[in-house]
Every structure is written in structure tokens, then in C-alpha cells.
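2 protein chains.
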Amino acid sequence: MDVKEVFKSEIAKINRVLSHSLSVIENERLRSAMLHYPSAGGKRLRPITTMLVANAINKSGELAVPFGVALEMVHNFTLVHDDVMDNDTVRRGMETVHVKFGLPEAILAGDALFAKAFEIVGNMEIDGERKSRLMTLLAKAVLVLAEGQQMDMDSEKLSAVSSEAYLKMIERKTAVLFSAAAQGGAIVAGAQESLQETLFEFGRLIGLAFQIRDDILCLRGDPKETKKPKGSDIRNGKKTLIVIYALEALSDDGKADLNRILGKKDASEREIDEAVAILESAGAIDRAQRVASEMIARAKILLDDLPSNEYCNLLRELSDYMITRTS
Amino acid sequence: MDVKEVFKSEIAKINRVLSHSLSVIENERLRSAMLHYPSAGGKRLRPITTMLVANAINKSGELAVPFGVALEMVHNFTLVHDDVMDNDTVRRGMETVHVKFGLPEAILAGDALFAKAFEIVGNMEIDGERKSRLMTLLAKAVLVLAEGQQMDMDSEKLSAVSSEAYLKMIERKTAVLFSAAAQGGAIVAGAQESLQETLFEFGRLIGLAFQIRDDILCLRGDPKETKKPKGSDIRNGKKTLIVIYALEALSDDGKADLNRILGKKDASEREIDEAVAILESAGAIDRAQRVASEMIARAKILLDDLPSNEYCNLLRELSDYMITRTS
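Protein sequence lines correspond, in order, to chains A and B.
Read the first sequence against this note's numbering and you will find it ends at 323, with the numbers running on by one and no gaps.
Read the second sequence against this note's numbering and you will find it ends at 323, with the numbers running on by one and no gaps.
Just so you know, the hints here were simulated from the structure itself, not pulled from any lab data.
Since we're looking at a predicted model, the values are computed, not measured.
Where is the CB? At the ideal position from N, CA and C, for every residue including glycine.
In silico PhoX-like pairs for lysine-lysine, Cα to Cα no more than 20 Å straight-line:
{"id": "1", "chain 1": "A", "residue 1": "K96", "chain 2": "B", "residue 2": "K153"}
{"id": "2", "chain 1": "B", "residue 1": "K55", "chain 2": "B", "residue 2": "K9"}
{"id": "3", "chain 1": "A", "residue 1": "K136", "chain 2": "B", "residue 2": "K136"}
{"id": "4", "chain 1": "A", "residue 1": "K153", "chain 2": "B", "residue 2": "K96"}
A partial selection of chain B residues facing chain A, derived with a Cβ cut-off under 7 Å:
{"id": "5", "residue": "N23"}
{"id": "6", "residue": "L26"}
{"id": "7", "residue": "M81"}
{"id": "8", "residue": "D107"}
{"id": "9", "residue": "A108"}
{"id": "10", "residue": "F114"}
{"id": "11", "residue": "G118"}
{"id": "12", "residue": "G124"}
{"id": "13", "residue": "E125"}
{"id": "14", "residue": "K127"}
{"id": "15", "residue": "M131"}
{"id": "16", "residue": "K136"}
{"id": "17", "residue": "V138"}
{"id": "18", "residue": "L139"}
{"id": "19", "residue": "A142"}
All chains should be built: construct the whole structure from the sequences, respecting the hints.
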């Protein structure tokens, strides 16, 4: 599945609403900082999830577009602020917002993207009850995201992280927006509470798998496709699921070799290749891919609760894409 | 009027809801950073405005408390982020959040306070239509705040600022939350659109007057009461309404004397006294106080649209307090 080809018209629609919403920001400098990431493209997987769910339930995908755009804004707001917190200088091959516009502007642009997300939902053409539910969903998601980011920062100081703690962290940092995307589509479509909950869980599973695949691509992917330097997670000393699995499987010597390179900011390409080889030999990357695949299998079973139609089929394809994607 | 005495029970109620809402944040470090400013007290003028308006219309002040608390959270979120942007190290005699907890924690705590505000409104015991209106009001207010903060940062680079530009800036940075407070109370009470608009304007006027009085207290106030170092605006080179009026009235020599001290970070107490004397002699502080008084007079006329009852009288007293307060 090539997401960009299959969902060409949806992505175009999302991008139109997205840039129109931001074009009304009066202050030129603030507007440019807010547009920096959203206008650089992206797969728009969260809005697509929202639209597909709403369409699968009762063809209300069009109505759901603004909520998808709101999610995309929240996603971008967290990217802007996370880049400040992590002191990252490059994203998607571009300067990060705080590098290009300055720290105050990055904080402010993030805040304004966040506020804009709620304003967009407030202007949707649905009843107040549903708007209020969507906004509450969004607010709760951001609270969870913030707790996830704090957990991530806390975990950097720990010497060992369990796979449970890692999954809990990415559930908060990544999966929650996919949960909100799927449940939000169901809210727009007026689905019952139980179906909303099923879709929240569906989003959680595809979101977790998405993040695990991300970690895998950082090691096995082609940097030209992923637009990330190979092994950056290793240089940053990230205790991903893959690293946790490897440390479980390796001998003391193997562990020592891995730990020597892990977190070495100036590790050479050769050292990165060596670390990747250790992770491969421990079977850790394959194991992570298997775990992600199991999540996707469980996610697809949940889709049986939806009417079986073309949109439901596309949701299945989208689920598979989470663990087969190369970019 | 002693706000803290008159509204003792309201303030206690607001503080209870405020601290209970934040006590559920799981991550200890994040929770402490979020609580740092709100738990240090404050006059709670925004929530009091909301409660009084809702009570004046139809005694729905109790119902309106959570919206007031949401405003207080938004207010505190902007304080946390503004302190980072302005690189301030002290607020209310305490270390600022980023100094005490670190930059990443300050960004995150602000974001989480913002999200929490929406969650609180989402949990209010009113219909979805009103919740959605309140959340949209809050979102629009934050967008305006962000534009105001950007204007403020932009204006620091300008050599001259007009009184119109200054009023436009404080309308965005300060008055908008008072507007939201008053309109929000009206929304909770189920008031008609036209009364909502009147109260938005009422909030704007008392908010502007509040800020002008703040600028005055920075020069004339007793630092023990204001909890701000005397003349900090002068050291920071702020082009307040007072400075703008003075530059209009002063001779070239007077202007030169003022400009020599304005923005001098290490100005001595004597220099600050000298600058204050120049501003006084130009009649600029009195003029600013007169402008604020006119705003309050106009604000009180707008209250004629409310039922005349004890709460409406308290709103009049609250309006006067904005320009008579000494702390």
C-alpha cells in the first residue's frame, strides 16, 4: 500500500483545510512558525484514520475532516515543543522551529497550534454535544501525551527500562493520538459508546505498532526514505523495545559491546553498523516486528465490529501499512 | 474593597476545585511543576468575574466555577510559558517554573495546564452546546493571547510604540481573559448572544484597566504589597502607556534623561527614582490612571444590562477595584 497514492484526494482535502485554518493567523512571524512543520507534508495518518472510521460507520468522513485536521495540529504542536525539550535541530531534513525562528517563537507557535485545534472543532458543522465530546477527547489526549513525554524524559535518567514501561510510554507518547483519531471518527458518526471504545482500542494498537515500526526503520530503513539519519536512536541512547529485547537475550560480552555504543553521540557509521548487527544477531529487531504484527492482527479483529464495506477494508490495509511501511 | 476578604468563600471554592483537578496528574514531577504557580495563591479575579456574572444573571455562579478554574489554568499556563520566553527568573517572590524545574518541564507543565483547562470544561454539568461554546471561547482567547505575546516580543525591537499599538497589545495579552471570564459566565447562565457580547466588552474594559493599573503600581506601588521590584518595567525597557504618554509630553532633554534609564538592566534604585520622577512630572502616570478610570466608568454603564441585584453591585465594586487596588 502506498498511502500517498491511495489517499491522494483525502490528503489534498486535509491539507487544504489545514493551510486555510492557519492562513488567518494575523501575525506574520507567528503564522510562519506555525506553518513550518504542517506545510512540509507528512502522511496524515491520523486524519486518514478519522475519515476512514467515520466513512465506515455511516459515510460521514467529510464531516470528520476538521477533527482530523485538529489532530494533525495537535500532533505538530507536540513535535514543535518536543524538539525544544529534546534540543533537536533537524526534523524531516529541515531546521526545527526553535532553530529557525527562536525559542520564544517555538513555544508560542506550539501553543497557538494547540489552541487552533480546539477552535477548528468548535467550528465544526455538528451539534454541540459531539463537539464537546471531541474537544474533551482532544484535551485528554494532550494530557496523556504530556505524561508520556515526562515519562520519556524521566526514563533517560534510568539505566534500565522494562518492556512494559516502554510500551506504557509509547502508548502515551504516540498511540494516544491514533486512539483519539479512531474514536473521534466514531463520535462524528454518532456511534454508540461501546463502538467508540472498540475504536479507541483499535487506535491504540495501530499506534503502538506504528511506533515500534518507527524504531525498526531507524535501524533497518533507508535514510533516503525515512528522512532520518540511520541509528539516531542508538546515538541518542534510546531504550527502545529493540534494545530492551537485545539486553534480555545477549551474553554479558554482547551487552557490554552494545552499551559501549549506545548513547555515544559521536558514534561513527561503522559503530552504528556494529550496534545494528548486535541487535540483529540477538533477534531483537525480528522480535519487535513480530510483536507489532501481533498488535495489528488484534487491531484487525476489532474492525469486525464495523459494517463490512470498502472503508472498513481500507482500515485493514491501513493497519497492515503500519508494520510494512518503509518510510 | 479587599478582594480577598469580600470573596473569601468564592476564592476557597475555586482553590479547592483547582487543586483537586491537578492532584490527579500521575507523574509527580509534572504535577509539582503544574502546581507551582496556582498553589502560590493569587487574587482569582478571572474566576470571580465569571461567578459574579453567572450569579447576577440567574444565580448560576456555582455551576460556573469550573469554567473559572479553567480560566485560571489558562492564565497560569501563559505565565509559565511567558516566563520562559522572557527569561524571567522570579515571580511572586518565587523561582519561576523553568528555573525550579527546568526548561522542558516548564514547557510541558504549561501544555498540560492548558489541556487540563479544556478537560475541566468538558466535565462540567451543563449541556454539550454550552460546553462547546465555552471551549471555543477558551481556544479563541488563547489564540489572541499568543498573538498578543508575539506583538509584545515584536515591539521590544521597535524604538517607538503608539498608545494605540500598546492598547491593542494589552487587549490581547491581558484583557482577553477577562472578556472570556465575563462572557463565559453569561454562557453558563444561558444568556442571549447580545448580553454575551456586552459582557465580553465589559471584560475587555476592566481587563485593560487592570493592566494599566498594573503598570502604575510598578512605579508607584509598595513592593511589599505588589510583590514586584519597583520599576522593573523601566529596567526591562517596557514601552507602557505611561512611557508613551511621557515621551509625548517631555522636552527633548526630558526624553533624553528618560531614555538613558529606560531599558538599563542594572539601573540603580536612585536611577529608578529619577525615572519615576520624570514620568510623574510629565503627568504621564496621572494620565494613565485617568484613562483607566474612564474605561471603568464605561464598563459600569454596560452593567445596566444586567438584572440589578447584589451580584451586579459586586461587579461594580470589582470594576472599581481594578483601578484602586494597591496590590
